[in-house]
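Asks: Chains as they are written, first to last, in our numbering: chain A, 1 to 512; chain B, 1001 to 1633.
One or more of the hints may lead you astray.
What the hints assert, rightly or not - So the derived label-pair ranges between C-beta atoms look like this:
(1) A:443 <-> B:1420: 33 to 41 Å
(2) B:1068 <-> A:325: 55 to 63 Å
(3) A:385 <-> B:1367: 34 to 42 Å
(4) A:325 <-> B:1621: 27 to 35 Å
Simulated from the structure, these hints should not be mistaken for laboratory data. Backbone N, C-alpha and C define an ideal beta-carbon position, used for all residues, glycine too.
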Amino acid sequence: MSEMHIDWAGLSPMIIVFAAAFVGLLFEAVVPKTKRLPVQVALAIAALAAAFIAVAANAGKSATAFSTGETDIGSVVLDGPGLFLQGTIAILALIAVLLLAEQRTTKGGDFVNEAAVVADSAADVAQRREPGATEIFPLALFAVGGMMMFVVSGDLLTMFVALEMLSLPLYLLCGLAKRRRLISQEAALKYFLLGAFASAFFVYGMAMLYGFAGTIDLNGINQAGISSGEPRILLYIGVGMLAVALLFKAAAVPFHMWTPDVYTGAPTPVTALMAGCVKVAAFGGLLRVFNVGLESSAWDWHMILTVIAIATMIGGAFFAVTQRNIKRLLAYSSIANAGYLLIGVIALGDAVGQTMFYLAAYGFTVIAAFAVVSLVRDGDNEATDLSRWAGLGKNSPGTAVIFTILMLALAGIPFTSGFTAKFGLFSAGVEAGEVGLVVVGVISSAILAFPYLRVVVLLWLNEPAPDAPTVNLPSPMAGTVVAAGVAATILLGVAPGFLLDIASQASTYMAN
Amino acid sequence: MDEVTYAPATGLLSWTWLLIALPAAGAAILLLTGRRSDRWGHWLGVATVGGAFALALAMFSGLSGLDNKTAATDLFTFISVGELDIQASLLLDPLSGVFTLLITGVGFLIHVYAVGYMAEDDDRRKFFAYFNLFVAAMLILVLGGNYFMTFIGWEGVGLASYLLIAFWQAKPSAATAGKKAFLTNRVADVGFLLAMFVMIGAVGSLDFAEVFNGAGELSDGMALALGLLLLAAACGKSGQWPFQTWLPDAMEGPTPVSALIHAATMVTAGVYLIARSNPIFNLNETAQTVVVAIGALTLLFGAIVGCAKDDIKRVLAWSTVSQIGYMFLAVGLGGGAYALGIIHLLAHGFFKAGLFLGSGSVMHAMNDQTDIRRFGGLWRVMPWTYATFAAGWVAIIGLFPFSGYFSKDPIIAAAFAREGWEGWVAGGAALLGAALTAFYMTRLFVLTFHGPKRWTDDVHPHESPAIMTGPLVLLGLGSLAAGGLMATPVAEWLVPVFGEHEEHHGHLTHMQATIATTAVVILGAALAILLFRGGTDEVPRAAAWPVRLARADLGGEAVNRGLFERPGRVAAGASVAVDARGVDGIVNGLSAAVGGTSRRLGRLQTGFVRSYALSILSGAVIVVAALMVVVIQ
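The task is simple: from the sequences and hints, build the whole structure.
Replies: This is the structure:
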């Protein structure tokens, strides 16, 4: 047996993030409570920045992280799409962490100090004045590490471990809101139960595929799709189950139902993390599974995935139209966007670059949008009801301009990243022959533009209520989040060339 | 068909982007400096458009000296992925050249007028910022070197128009009208986007030259689909049937906006799109016939409704719908009529802008009233407005030797020249439209300026200041002369774009068509003078059904309500119901049946999770079952 070769440089981004998460846990024990927040924030930011640099240093690599002599062990595959998405996750997470750290908009931040205290009890009311728990930062780092692992997993088992690693901390984070704690806890429990349910599908699908292919390696499954003598029914059940689990995380119809409830209940910074980073990870997983593992059986799953994509695009847009709560609106819009992204998954090969560009562009916009949501407040609570936003342009024109830009981007108006990303993705879909899906996509995005524009009208053309919510001045933390999101939205709308080039150069999966 | 090639720009012409950058910079400065520029902001707005006009003139003369009369500039690569390469490119050719002159020239005059018209408005600076933004977007639309750039301008003018209609935010009707305009434009955008994706799929490029050169290899069905999608886009933007209703509602915006956007420039973008895409439309006769049919239908539709309206701006708006119908008719006829459509578009730009600005001047004098039943006898108090409005009036009805005579009559003759019964129908509609135009415009003119005074008690009409009458006079002169001066040279100028065409005669000779047109025009005008010289009732009278129908926009609203609004409401209601109750209801019902637990103990949160989980399970079952179906097949 020859010696195991490990590509430490290639693994370094994940190692950095996980190590920082452990160190963060250690800090909880040794650093005095008053000093924990700045220390944890600095650690998380430094770790994510270092992880991004480490990813950049690996650019151009196309190899497995583990190998023995001549044989590759495909559990972790460092190739173009994997690295691009790792980088995207690192950057988006960096921005989301700044939002987690925001303390000024509501005193002590959005997170509860001791989650075990019974909601709305006297002790709970008392602890509302205290700063929130700082464990959220190590938890977020664990989740981010899991996401980074998810997009480079080369076999199903690694992918499953990564899936759990990214999910479990998120379930916790969802339940840690300081205000409206019951809704938050309910969201966490729902997300946990349904997530566990979906994970079971993953395991079951993995078992079926193992039965079919005799391996859990994605390349091996692809080979087996051509040559295996086992009954093909195993493949179909396996593909179906695996798809369900991944589509659940991606929030595709009919596996989307947790999305509005969880997005609304979770603390807004956590929602931003989910809408931005988890989306990237989920689609990173989908792209890899379908491009690498199931490409040879494309003909078999093409129809059902097409149906799901259509249902997701239409359903998301259709439900978004009547939403009266800004977080629910963004949740349904995230569902519709999952539908557009599925076009990129179905189109396979050539669309990978465009899909990744879309993920990055959408991530920046949506995180900034949630950041703005967290600024508009009725007293201590967020004013998420849209009617409360009426006439915001009169009292806080700056915030209204920024939110208008973000809404226009989500509506896909030219000169914003929303337009270039959709246009590129749909063009790639057409070139791959998916004209029908693109037609549905165009119609769906025309419908979806309406609720966004309604928000814009509400902001500018309605009279503010006498007790209109106030826009709390953000600290540099949330301010940076908004500025970065808006800058990326405009930059990627006006001059998308450089990122598109990187994405399309990084769009080839490692061949076996 | 000849190969389409565009020569790279040289010298002054490589500065085409500056045409767009000037008004764009104006808009940016006005928006960024905020209240600080309130005192001088409007002059900056005027200056940037004036500068762009001067530049456009210089470039136009530079262009005429070139052999192939094209100047293409690639600014930077916008999107380049795989086969698809989209440049931010500009193209100055004879077609975009005349549009640039129209937009900057008429735009400049309207900007000057707006300085006076908006003088009392607190937000005049913001108004000029949006106005400049519109001009920049419109220039991108016509100067874009590929469909992608055209689309960017297309969306930009839509957005600017939405902002400007809703400019008078205090009026709820303005906000509603803005929304309506926007929604209709979304429909148009879907058509445009799909057309672009068809091009990407079939030709692999959005570049004008490549699409036109590759168009010959499209299948018939593909060419037809492409033509119809582009047509849907054009109809939405240009207020053509069945999307006509947003345009008259858009009159809620300030009058200079109506003049610039909803008469002279933006609404003609549809005509531009079809004229620009002429190689695609030439390929498919069915698509051309549909364009002709829509043009003929809309020109009659607009003219009939125009006869029954009493609001001065709405009459002009319906008249715009009708006149653009003539342009559609012309570009649908193809061949030599493309140029006729463009000539009518240019002539119309002058006289309709003049008429709108004149109506604004009247409104100024009459405390912003718009009801022509309460005008009358104004010729004595506002002589300049009267004279210039008269110029627009004789121009639009097409009396010899004024503008409309040279631009509209050839279209009528060309319609008669179409072969077979279609020629009779299209020609007949165009001829009837000319008679109706003469009738409603004369009615408008007579009721406004002549006859007894029917003013409400509190008005004291006065002539508008020189800053408003100045542009009126220039536009009035243009109305009188533009058609005659432009007819021949513009047709020749546009030959590189549309190709050479022999004039051919069909059912009527040119002379016969001209005589017939002049006869019906005089008849229509005389009838209107006869009926309305003594004034009219001050409130609408009960009328026979044709008049009632015309007053109700020929049922356009009702159709809208039935076709779009009601299903929209039902869908919205259903979406709410499903979101709140339906899914739980259905799924809980299912879960009751599946699990044997028939009792639902209220709406517990665990019930929700269970029903969500069941939804996932059912989805999974469906996914696997569907995969199995593929096996069995």
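Asks: A separate judgement is required for each hint: does it hold in the structure or not?
Replies: Verification of the hints:
1. A:443 <-> B:1420: 33 to 41 Å: holds, 37 Å
2. B:1068 <-> A:325: 55 to 63 Å: holds, 58 Å
3. A:385 <-> B:1367: 34 to 42 Å: Holds, since residue 385 of chain A and residue 1367 of chain B (Cβ atoms, about 41 Å apart) stay within the stated range.
4. A:325 <-> B:1621: 27 to 35 Å: holds, 32 Å
When held up to the earlier numbered hints, the structure conflicts with none and fits them all.
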